[in-house]
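*Asks:* Put together the whole structure using the sequences plus the hints.
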Amino acid sequence: MYCNFLNKGATRWLLSSILIFSSNQVFAMGECGLSCCLAGANSSGVTLAKNFGLAVQYEYSDMVTIRNGTNSVTPDQVIDQHWNMGSSYSVPTKMIMEKLSFIGAYPVNERWQILGIVPLVRNQMDMRQKSGMGMVMNMTMDTISGLGDMSALALYTAYTDAPVRPKERLTLGFGVKMPTGSNDARKSNGDLVHAMMQLGSESWDGLFTLNYMRAWYPLVTQVNAFYHLTTEGDGGYEFGNQYGVDVVGRYQVSNYVNLGLEANVIHADRDKDHNGNFSAPVTSMVDNTANTGLTSVFVSPGIQVKIPDSGGSVGLKYQHPVRQDVNGYQQVLDGRWLATVSWAW
Amino acid sequence: MVKHCLLFVVLVVGMPALSASPTASSPSTSWSTEDSRPAPSLHLTETDGSPYVTEDFTGNITLIHFWATWCVPCRHEFPDLQALWERYRNKGLQIIAVAEDSHEAVKEYLPEIDISFPVLVDQYGSGMHDYRVIGLPTSYLIDAQGRLLYSAIGRVLWMEKDTLKRIEGLLPTTQDY
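Same order as they appear, the protein sequences are chains Y and A.
Using our numbering, the first residue of the first sequence is number 1, and each one after it goes up by one.
Using our numbering, the first residue of the second sequence is number 1, and each one after it goes up by one.
For the record, the hints were derived by calculation from the structure and aren't laboratory data.
Some, not all, of what chain A presents toward chain Y, calculated at C-beta under 10 Å:
hint	residue
1	Ala68
2	Trp70
3	Ala99
4	Glu100
5	Gly125
6	His129
7	Asp130
8	Ile134
Glycine included, every Cβ here is placed at the ideal spot set by N, Cα and C.
*Replies:* Shown next as structure tokens:
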């Protein structure tokens, strides 16, 4: 009889830090990606691996609501306010973002861990367009799918009072998001697809994170802060910087089950389209950098189940928006599911 | 999508019930043979926070015992470990207990047990990492040449005949003194 670390659920918060950055569409819509995944919070023992840890996370984001500031507006209202005779105007009516992320963790020593994140992305969007002649039609855009922007992170344990089952721990992380996802997908007419629908940002971005954990077992609390320093991509588009804070509480209800509740706050600065390649403000709501940048607050309940006598765990989390304050008009997240399976060897 | 989510929830909630088998409560000693590599050095701290470094394990038989205050099986081992220590301490056995715990927790716990061998604190887990410890308690036996010979994950019956025989087999014989 012994106590397997992988079942102790003490330092599993690390994965959350990892997953923060595993979203590539973070850049597109400020609230996508980010703390979203913070769910993993404490989840998965992937970073407790003796030799190697692997997590696979599936993310399903559903977006229908359009906001102006904090108010909800319909697609038709947006069209009515922006359409001009002789010029078409289009508005998204529904968007689904799916992402499958593979996350590998390698412990260099007791204080340093290296993480690699490889996301596969699939984006779909339905639009409503009012033509220059006043005809309204609904249409579905081509699905964009493929490799997203990969990230690499180094995590450093700055302080812990104990290596396993700590009561207090402070971890710092930094890394880079690489331009592995393309941003040159085009519509049938040859125009570039909206920046938010592209697989990547074609930019090298800096990632910084800080995590403080305090435990009163079986209750574990955490505060995560992260900063995503964006740069201009090859296509001249620069997503806004992102700042996030997550407050996480997890309660171990049994040896194998943790319940979690999080509050996620994300702020994204306004995007910049330096060359104007992705901008068409007169004809499209989404191709307008004035309609980017926001502040959102989510509440996210979740469950994590550890597979007994193994290094495995599975988790499920749902993110529900409680406040969204956007610049201009933006389609926002109505809900996001995150399912994670992880294993440590 | 809703169906898939519901299915996932059912699987997530149901999995522990399906896969959780009762853990054997009776301790058993199961030793594994290590690869005789040189035992990693220990860079730890004593319970008062002062550094404790052991680079070289040659000259004595060393039992390194990784444990934690919150680990119930670990707690049960100390009476037997103390008995083992008293039996062989003058015959070339040294015991080092390495706590994978906080200084505060260890200092609070030590008065509850009656042991006289050294207890060290592995605050950042360097010992655990170097020795590749994956569960507690874990014990390692190092021979007088400083080689890692055996390991045992889980509770060990230290005064059990087979365990004593294993340790005695490593100790110097009378003629060696």
